[in-house]
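These protein sequence lines are chains A and B, in that order. Read in this note's numbering, the first sequence has 68 at position 68, and its numbers run on one by one without any break. Read in this note's numbering, the second sequence has 70 at position 70, and its numbers run on one by one without any break.
There could be a bad hint or two in this list.
Between beta-carbon pairs, the in silico distance windows are [stated by the list, open to error]:
hint, chain 1, residue 1, chain 2, residue 2, range
1, A, V13, B, H10, 31 to 39 Å
2, A, S53, B, S27, 28 to 36 Å
3, A, T26, B, I12, 35 to 43 Å
4, A, L95, B, F60, 12 to 20 Å
5, B, F60, A, A9, 21 to 29 Å
6, B, E51, A, P40, 33 to 41 Å
7, B, D62, A, E17, 44 to 52 Å
Sample of chain A residues lacking proximity to chain B, with all beta carbon distances greater than 12 Å (derived) [said to hold, decoys possible]:
hint, residue
8, P8
9, L11
10, L19
11, G43
12, N63
13, S65
14, G83
15, Y101
These aren't lab readings, by the way, just hints derived from the structure by calculation. Positions of the beta carbon are idealized from the N, C-alpha and C atoms, including for glycine.
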Amino acid sequence: KQEVTQIPAALSVPEGENLVLNCSFTDSAIYNLQWFRQDPGKGLTSLLLIQSSQREQTSGRLNASLDKSSGRSTLYIAASQPGDSATYLCAVLALSGAGSYQLTFGKGTKLSVIP
Amino acid sequence: DAGVTQSPTHLIKTRGQHVTLRCSPISGHKSVSWYQQVLGQGPQFIFQYYEKEERGRGNFPDRFSARQFPNYSSELNVNALLLGDSALYLCASSFWGEGDTQYFGPGTRLTVL
Chain A
1 KQEVTQIPAA LSVPEGENLV LNCSFTDSAI YNLQWFRQDP GKGLTSLLLI
51 QSSQREQTSG RLNASLDKSS GRSTLYIAAS QPGDSATYLC AVLALSGAGS
101 YQLTFGKGTK LSVIP
Chain B
1 DAGVTQSPTH LIKTRGQHVT LRCSPISGHK SVSWYQQVLG QGPQFIFQYY
51 EKEERGRGNF PDRFSARQFP NYSSELNVNA LLLGDSALYL CASSFWGEGD
101 TQYFGPGTRL TVL
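Starting from the given sequences, assemble the full structure and let the hints guide the process.
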């Protein structure tokens, strides 16, 4: 059974700092990996999607890397801003035992950027 | 273009009741997935539908059921509600449903008393 772990559970940084969020997964047979952002009580916004054949994806100040063989991904946020404060969720897409593709999420990292 | 929409926004029910949640996907998307997110946890996969057929089912009891309509909108039904069913229910749509980016709606907050 696929399990996704995110460390740390919470992180507080001063504005302007660069930071790294970590994600690990137990089964390397994944189709892709996505990073999402969730604001309190809201739905999820997709930030980056990395296919299993890719090593990294970049969007603006965000960079996500994937090391499938070791079951790890990192999300790098450059020059953090107070508006980046949210919960960041990592999810892997893989075949379930029933033969369908399923997204498995971690519990998230709650980020607070202090002005 | 409108994103994924869900209704209602909030819902309060009592134990044993039945609830129906609704989702309209992004125009052109043919796949809809449902997730349950309990406070402090990541979303848990419940169902996926593509072209009105069930493509996948998570580890949820038979009290949970869903369907997709010809216009690709979807309903999630939960019978015999339990306190533990209190959660944010998220709907996501994608074009193919397998491997492409999923776009999430704002969710329906269900409280069971």
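Going through the hints against the structure:
Taking 31 to 39 Å as the suggested C-beta distance range, the pair A:V13 and B:H10 conforms, at roughly 33 Å. Distance hint check: the CB atoms of A:S53 and B:S27 are about 30 Å apart, consistent with the given range 28 to 36 Å. Here the CB-CB span from A:T26 to B:I12 is close to 37 Å, well matched to the stated 35 to 43 Å. A:L95 and B:F60 have their C-beta atoms about 19 Å apart, which keeps the hinted 12 to 20 Å range intact.
Taken as a hint, the range 21 to 29 Å holds for the pair B:F60 and A:A9, whose Cβ atoms sit roughly 25 Å apart. For B:E51 and A:P40, the hinted distance range of 33 to 41 Å is satisfied, since their beta carbons lie about 35 Å from each other. In this structure the hint that B:D62 and A:E17 lie 44 to 52 Å apart at CB holds, the actual value being about 49 Å. With a least CB separation of 15 Å from chain B, A:P8 remains clear of the 12 Å interface cut-off, as annotated.
No beta-carbon of chain B is positioned within 12 Å of the beta-carbon of A:L11; the least distance is around 16 Å. With a closest Cβ-Cβ approach of about 20 Å to chain B, A:L19 is found to remain outside the 12 Å limit, as its non-interface label requires. Taking the minimum C-beta to C-beta distance to chain B, about 4 Å, the non-interface status of A:G43 is violated against the 12 Å cut. The Cβ of A:N63 sits about 18 Å from the closest Cβ of chain B, beyond the 12 Å cut-off, so the non-interface label holds.
No beta-carbon of chain B comes within 12 Å of the beta-carbon of A:S65; the shortest separation is about 18 Å. Distance check for A:G83 against chain B: the nearest CB is about 19 Å away, which clears 12 Å, and the non-interface claim stands. Not every CB of chain B lies more than 12 Å from the CB of A:Y101, the least distance being 5 Å, so the non-interface label is violated.
Of the hints listed earlier, those the structure fails to meet are numbers 11 and 15, in rising order.
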